[in-house]
Amino acid sequence: MPIVALAGGTSPSLGRAIVTAVFAQTPWNVLILSRSTHTPIWLQAIDLDANRHKIEAVDYASVDCSATTIKAQGVHTLVSVTSAVNGTQAQTQINLLQAAVRAGCKRFAPSQWGFGLKGWADVESLQWANQGIREECTKYRDQIEFACFNQGSFMNYIGHGTFTVPEPAENGGEALDQFRLGAGYKLGEDEACEGLHRQGPLADQSGAFLIGLKNGIAELPIRDDGQDVGQFVAASLKLPKWEEEMGMAGDTLTMGEPLASAEAVVGKKFNISVLKRQDLEDRLTKVTDFMERMWIEFNLAYIRDREDEVVLRPVLNQLCPSVKPMDSGDLIGGNS
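Numbering (our numbering), first residue to last: 162 to 497.
One or more of the hints may lead you astray.
Stated by the list, open to error - Keeping only pairs whose Cα atoms sit at most 25 Å apart, straight-line, the calculated DMTMM-like set for lysine to aspartate or glutamate is: (1) K232 / D208; (2) K437 / E458; (3) K402 / D469; (4) K447 / D466; (5) K300 / D365; (6) K437 / D225; (7) K300 / D283; (8) K485 / E352; (9) K399 / E306; (10) K347 / E468; (11) K402 / E296; (12) K485 / E468; (13) K232 / E306; (14) K430 / E350; (15) K437 / D365; (16) K430 / E442; (17) K232 / E405; (18) K429 / D365; (19) K375 / E328; (20) K375 / E424; (21) K430 / D365; (22) K375 / D365; (23) K437 / E418; (24) K447 / E285; (25) K399 / D303; (26) K447 / D365; (27) K267 / D365; (28) K300 / D225; (29) K485 / E350; (30) K402 / E306; (31) K232 / D303.
To be verified - Between beta-carbon pairs, the in silico distance windows are: (32) D440 / Q479: 34 to 40 Å; (33) K437 / T198: 46 to 52 Å; (34) K232 / A364: 49 to 55 Å; (35) G235 / D303: 17 to 23 Å; (36) Q234 / Q205: 16 to 22 Å; (37) T446 / A233: 50 to 56 Å; (38) Q439 / T299: 36 to 42 Å; (39) L209 / T446: 48 to 54 Å; (40) E335 / K300: 47 to 53 Å.
Hints are computed from structural coordinates only; laboratory data are not their basis.
Where a beta carbon is used, it is the ideal one built from N, C-alpha and C, also for glycine.
Can you build the whole structure from these sequences, using the hints too?
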């Protein structure tokens, strides 16, 4: 069977979304590149005997290490979902690209999951993760296909607005059964939020972004669900050729539309804070915290509402019409 390598593939968010979709939709096997060989509980639940996956520990700083591991397994496609926050993220992508070329891979996708091309160029808090990657990919385009998968924002942040108290960590046989029942996702907060951290900026401290269902609040200036992204990536493995820009779209809406859905589901009017451009720009000059700065810049991007920034071209929707992404109304209704 063909093999897709997934750098950072043990993560509970994108790593899990892609692995579960590849298992469900394709005959491909998965080589997971990670800093350790620990098998997360969700992966044990769907492939306990490791019939379709293998985890190899690699040093992302070493092109030789990654290339040797990839070549030994005969990898066809290398996809990265790493998210190093120690300043090495961009260089890690370049190293993985060079390793894929050296190992003879046919395709590579760097870890640039998010806004479109203009967003990566103009949203300052994203630039630490992408410096030089696209240029390096372009250098090697005669030797390897590359694609940047752009999905916008994850709708799953709304899920945190439902579960305002974090779910306790669970281990052992009971949890394994729950993850097995949900094909890698445990019912409740885990299924709703799909591994996203509680990082959203809403005032109720739920970790949500834009809309908080439980407390009925919204900050308005949504895009894809995490499992949708995994399904699009799995479907893209079957394509005869990759496009360099692989945008995907769940819902492309005005901000009022998901708010109306939320109010209809909850059955009450929300307390709405309107975010204005000038106020956000003033706040931006004063903040030093990285996450606070990032959320302000994201809201400014939504206010700009530019194509190829937060409004994405649905390339994968057109190339992979069998994938039917969830819309925000379905997600909100399912998490109420």
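field: Violations among the numbered hints
entry: 5, 6, 10, 16 and 27
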